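Asker: Each chain is listed here by its residues.
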Amino acid sequence: MRVAGFRDRTAVAGVGYTRFSKNSGVSTLTLACEAILAALEDAGLTADDVDGLATHRVGDSAAPSVVGPALGVHRPSWHLDQFGGGSVSHAVIGQAALAVAAGVAETVVCYRAINARSEFRMGGTGRGLPVSPEVQYQAPYGYVAPPQQYAMFARAHMAKYGTKEEHFGQLAVRQRASAAKNPRALMRTPITLDDYLASRWIAEPFRLLDCCLETDGACALVITTAERARDLRRPPVLISAAAWGGGDSFLSGGPSDVTTTAAAELAPRLYRQAGIGPAEIDVAEVYDCFTYSVVVQLEDYGFCAKGEGGPYAASGEGVPVNTHGGFLSEGYVHGVNHVAEAVSQLRGDAGDRQVDGAEVALSTAQPGYILPATSALVLRKG
Amino acid sequence: MSAEATRRIRPVTDRDSAAWWERVRAGELTVQRCDSCGTRRFPARAYCHRCRTAGWSWEAVEPAGRIESWIVSHQPFLPGVREPYVVVMVRPAGAPECVMYGNWRGAEPPHTGQRAEAVFVRVDDELTLIDWRPAD
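Just so you know, the protein sequences line up as chains A and B, in that order. Sequential numbering from 1 applies to the first sequence in full-length UniProt numbering. Sequential numbering from 1 applies to the second sequence in full-length UniProt numbering.
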């Protein structure tokens, strides 16, 4: 990608949510439509303005080819139905920005609608197995679910670097405190480190409070050109950089070090595109399917040295992380709610949880532990 | 901790992997070895990820390795499986660039770096799985 041709040329012009719950009582199609209409209203646009639709899903949710007609978007000039989980959540938005920057579409809606608690348990075993030929070497041993997979890598990090369960716990406590300031958050009752340590085991070394929520809800973003966004209702938030990463699979004779993720390879390209480094990031919304995924990404995105992610995350003294409470406490909308929170922080409308003077934000996808792919965005106040 | 209790999902083999599972059934732990550059790989697939050539041979490796990491799974992810069980991630001694998974057959929990040996567990006529236990 020619950096100069992409940086800050597109923008997020609108954000929309449904209510988050454990049982929406409605279809993912209904959730998608509600969030998209809210995002368009936020931008001061209507569905008549939409010429592109994009989502990621794992066979669990309404496709663009269903959502478009349902909203009267009959002739989109661009669409994307990306198979995949959290690792591609930011890739979808990056691809929409590429389409807009290239002039293929002008107003793209990116959405994720999910009944991850009441219909399709994302943390369980029903998520579209097998997505990889490697599943056959894992599932017979009862190794089937994301909490187990992440716990395996967390244990390796603990053994190599002395990362402690209390580090994970302090992070969970702090994200809950952030959620207490977020009216959208599902879990707003403060917790203590003792609460964390007393929560039941899911897969040692993970307890219940290491794991994200499973949520019903939807979130949508309107992507358009930076130029057009300046004429719309809300302050534009520019897409400074979008990066995709891949790498090795942990069963395929690839990495010798299971404590480093594909994000470590992606991060330098992302920062180069944005023309900044981690020191310039004012707020980071970091994919927190589990506490450990934040710890390892704080290292791999360069906020602290390798191996120091545990103490760094526990201290709360570095970059503000997951200001909305994250998946652990706000809700799980598969990555899109992290981008939406970054937009809110850069607009300066995050209320009690606003990071003063936030001008540049990082938002990240699942860092590539389960399948070797990841993605991330740098956003900038317009 | 019952390893058998976890065995509710049979492996769905494919055209790349079926021969590997056959060898496990015969009591052999193998990886593929590239005929051109010697790189070992697992799981089974047609091309070498290093030199991208297609010639390869099965290589039997010592049924032993080291524990890379491990978990104790408590949540009943599988219907009917209630009791905790240990899953280990192992680097085979003869192919430490690869990792394999299995259940742990040890009186004590494993520890990272521990030496382990493979246990071939015959499930039925069609299927044998590989567990791991402490090496003496």
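Think of the hints as simulated: they come from the structure by calculation, not from any bench. The structure displayed is predicted, hence computed values, not measured ones. All residues carry an ideal CB built from backbone N, CA and C; glycine is no exception. Certain hints may be false.
To be verified - Just so you have them, the derived chain A footprint on chain B, three or more residues with Cβ under 8 Å: (1) 10–24; (2) 54–67; (3) 92–102.
Asker: Decide, hint by hint, whether the structure agrees.
Answerer: Do the hints match the structure? See the list:
For a cut-off of 8 Å, the count of residues in the segment 10–24 of chain B with a CB near a CB of chain A stands at 7, and the three-residue condition holds. Evaluation of the coverage hint for the segment 54–67 of chain B: breached, as 0 residues show C-beta separations to chain A shorter than 8 Å, against a requirement of three. Residue count for the segment 92–102 of chain B with a Cβ under 8 Å from a Cβ of chain A: 7. That meets the three needed, and the coverage hint holds.
Going down the numbered hints, you'll see the structure goes against just number 2.
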